[in-house]
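S.K.: The lines below spell out each chain.
Number of protein chains: 2
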Amino acid sequence: MTTQALVSEIIKKQSFLCIGLDVDMTKIPSHLLELDDPIFEFNKAIIDATHHLCVAYKPNTAFYEAYGLKGWESLRKTITYLNMHYPEIFTIADAKRGDIGNTSSMYAKAFFEDLAFDSVTVAPYMGKDSIEPFLEFQGKHTILLALTSNAGAFDFQTLTTEGNPLYQTVLETSKGWKNSENLMYVVGATKASYFTEIRKIIPDSFLLVPGVGAQGGNLAEVCKSGMNSQIGLLVNSSRGIIYASSGVDFAEQAAQKAQTLQLEMAVLMPKT
Amino acid sequence: MTTQALVSEIIKKQSFLCIGLDVDMTKIPSHLLELDDPIFEFNKAIIDATHHLCVAYKPNTAFYEAYGLKGWESLRKTITYLNMHYPEIFTIADAKRGDIGNTSSMYAKAFFEDLAFDSVTVAPYMGKDSIEPFLEFQGKHTILLALTSNAGAFDFQTLTTEGNPLYQTVLETSKGWKNSENLMYVVGATKASYFTEIRKIIPDSFLLVPGVGAQGGNLAEVCKSGMNSQIGLLVNSSRGIIYASSGVDFAEQAAQKAQTLQLEMAVLMPKT
Numbered sequence: 001m002t003t004q005a006l007v008s009e010i011i012k013k014q015s016f017l018c019i020g021l022d023v024d025m026t027k028i029p030s031h032l033l034e035l036d037d038p039i040f041e042f043n044k045a046i047i048d049a050t051h052h053l054c055v056a057y058k059p060n061t062a063f064y065e066a067y068g069l070k071g072w073e074s075l076r077k078t079i080t081y082l083n084m085h086y087p088e089i090f091t092i093a094d095a096k097r098g099d100i101g102n103t104s105s106m107y108a109k110a111f112f113e114d115l116a117f118d119s120v121t122v123a124p125y126m127g128k129d130s131i132e133p134f135l136e137f138q139g140k141h142t143i144l145l146a147l148t149s150n151a152g153a154f155d156f157q158t159l160t161t162e163g164n165p166l167y168q169t170v171l172e173t174s175k176g177w178k179n180s181e182n183l184m185y186v187v188g189a190t191k192a193s194y195f196t197e198i199r200k201i202i203p204d205s206f207l208l209v210p211g212v213g214a215q216g217g218n219l220a221e222v223c224k225s226g227m228n229s230q231i232g233l234l235v236n237s238s239r240g241i242i243y244a245s246s247g248v249d250f251a252e253q254a255a256q257k258a259q260t261l262q263l264e265m266a267v268l269m270p271k272t
Numbered sequence: 001m002t003t004q005a006l007v008s009e010i011i012k013k014q015s016f017l018c019i020g021l022d023v024d025m026t027k028i029p030s031h032l033l034e035l036d037d038p039i040f041e042f043n044k045a046i047i048d049a050t051h052h053l054c055v056a057y058k059p060n061t062a063f064y065e066a067y068g069l070k071g072w073e074s075l076r077k078t079i080t081y082l083n084m085h086y087p088e089i090f091t092i093a094d095a096k097r098g099d100i101g102n103t104s105s106m107y108a109k110a111f112f113e114d115l116a117f118d119s120v121t122v123a124p125y126m127g128k129d130s131i132e133p134f135l136e137f138q139g140k141h142t143i144l145l146a147l148t149s150n151a152g153a154f155d156f157q158t159l160t161t162e163g164n165p166l167y168q169t170v171l172e173t174s175k176g177w178k179n180s181e182n183l184m185y186v187v188g189a190t191k192a193s194y195f196t197e198i199r200k201i202i203p204d205s206f207l208l209v210p211g212v213g214a215q216g217g218n219l220a221e222v223c224k225s226g227m228n229s230q231i232g233l234l235v236n237s238s239r240g241i242i243y244a245s246s247g248v249d250f251a252e253q254a255a256q257k258a259q260t261l262q263l264e265m266a267v268l269m270p271k272t
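Going line by line, the protein sequences match chains B and F.
Sequential numbering from 1 applies to the first sequence in our numbering.
Sequential numbering from 1 applies to the second sequence in our numbering.
No wet-lab data here; the hints were simulated from the structure.
Check each hint, because a few of them may be wrong.
Which copy is meant is left open, so a pair is good if it fits within one copy or across any two.
What the hints assert, rightly or not - Straight line, CA to CA, 25 Å or less: simulated DSS-like cross-link-like pairs of lysine-lysine: (1) Lys257 to Lys27; (2) Lys12 to Lys178; (3) Lys27 to Lys224; (4) Lys178 to Lys27; (5) Lys271 to Lys178; (6) Lys70 to Lys44; (7) Lys109 to Lys27; (8) Lys27 to Lys12; (9) Lys70 to Lys109.
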């Protein structure tokens, strides 16, 4: 999917909501556990109930890998269902991969070709040759961790490296990589005060913003300094939406939570 | 597996060799492609031919994920085969994972419980709460990226952060994490001149050392400044061993390459 198609969808739906499909078998409604593939059935119900309120879905691969082959099968069925029924939706494999060049190429093949996601999250620690193999894929997007939403972000990401915090050096350096126009960045909502500095370095890039909801980030603050003329934000909520209810009405309740966020977003978007 | 059991195996075999099972379908002998699971058959043959010459195997998950469900199944069969037939071997899932706390717990479950690896590689960028969930598993080892073997290591890992290179800060900081005795570290063989400084910070830890062979690292140099009284090194070779031949004799040729390295290692080990 092109960035322009994503922006059009955001404007049409008046939403820049991404829903995180982090499915934990211990948290899904018990009536689903009798089905052959509870994880996929849960996702399918959530997607069918919320697709008109969001522009992206983001399964985190950890939650699927934890269930082994069966989990990987659920992930494949989920992305196939999304691509078949809702091709206008932007899909994100939240995998945080990164390895030496020939190995990163295999990861890129796994997520962009085998599973056919629109984008994948990657970690910057191993530098340029660990990320450029992902950037080669045209029409695909590589979402680089910059400043994450967790407490551990302060261990290394904010350390001063030759005059600037490491996350700023990551942003600045990545702009020089080949096909860097295919980059987006992860910036946590819990770090809203950092968005102004970040937008000075990457004014035009899309930011994937986790941390609204369960982690405590504030949507209005994120928009105030993170939004650009093309919106430029995908704000993610996972647990706050998908576990709104553990009853048979879980999908409807999830849609209500998603709609609450969508309506907040519509107010925060520029009037066209 | 305990560290002491690993050290005993190293001394017994006079080898600290780790063989990387990075299986690319385009590089394995063509006669295997007719079989139902070429990747597992390739691994099984390599393992049977080399297990007496090495102390560890390290499948890199990228090479399995690239083949989707079928690849994940090959990985499961490989680790199951290793655990069943060669329980004295140390197993490493080279996955380079790392995420916010509740998500890292899922990755730890995937690799330590579902797949039953002895260890997994992780990336430090997201800090303490992204790694501690792995460290909770007793009898398991978490191998943190410190200074990697690729060119991109110089993009961020060697930047000066408040007086020290970032990789040294990662080493120093990680020592303060809960259950840090379960940590090992990745240090590339291509960075042999850095081992002296690294050993000042973590004198007792095991180092997983990729980059000997195809990437150009020198074994004697690594040992000179990286070895400690418990050996403390696992030196990995992947392509240089497993692709020694593309003929029907691929496993024997791989064993010859492994033996060459084992004999070099025996010479470099302290006499007992």
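S.K.: Take the hints in turn and mark each one as holding or not.
M.R.: These are the hints, each one checked on the structure:
1. Taking identical chains as interchangeable, the C-alpha atoms of Lys257 and Lys27 lie at most 25 Å apart only when both belong to the same chain, with a minimum of 17 Å there against 50 Å between chains.
2. Neither within a single protomer nor between protomers do Lys12 and Lys178 lie at most 25 Å apart by alpha-carbon distance, with minima of 32 Å and 48 Å respectively.
3. In this assembly of identical chains, Lys27 and Lys224 lie within 25 Å of each other by CA distance neither inside one copy nor across copies; the values are 34 Å within and 52 Å between.
4. Within a single copy, Lys178 and Lys27 get their C-alpha atoms no closer than 42 Å, and across copies no closer than 27 Å, so neither meets the 25 Å cut-off.
5. Taking the closest pair of Cα atoms, Lys271 and Lys178 never come within 25 Å of each other, the shortest separation being 35 Å inside a single copy and 50 Å across copies.
6. In the homo-oligomer, the alpha carbons of Lys70 and Lys44 lie at most 25 Å apart both inside one protomer (16 Å) and across protomers (23 Å), since each shortest distance falls under that limit.
7. When the C-alpha separation of Lys109 and Lys27 is checked against a cutoff of 25 Å, the pair qualifies only between copies, where the shortest distance is 16 Å, while the shortest distance within a copy is 32 Å.
8. Proximity of Lys27 and Lys12 under a CA criterion of 25 Å is satisfied in neither setting, with 33 Å inside one chain copy and 48 Å between copies.
9. Both within a single protomer and between protomers do Lys70 and Lys109 lie at most 25 Å apart by alpha-carbon distance, with minima of 21 Å and 14 Å respectively.
In summary, the numbered hints that this structure violates are 2, 3, 4, 5 and 8.
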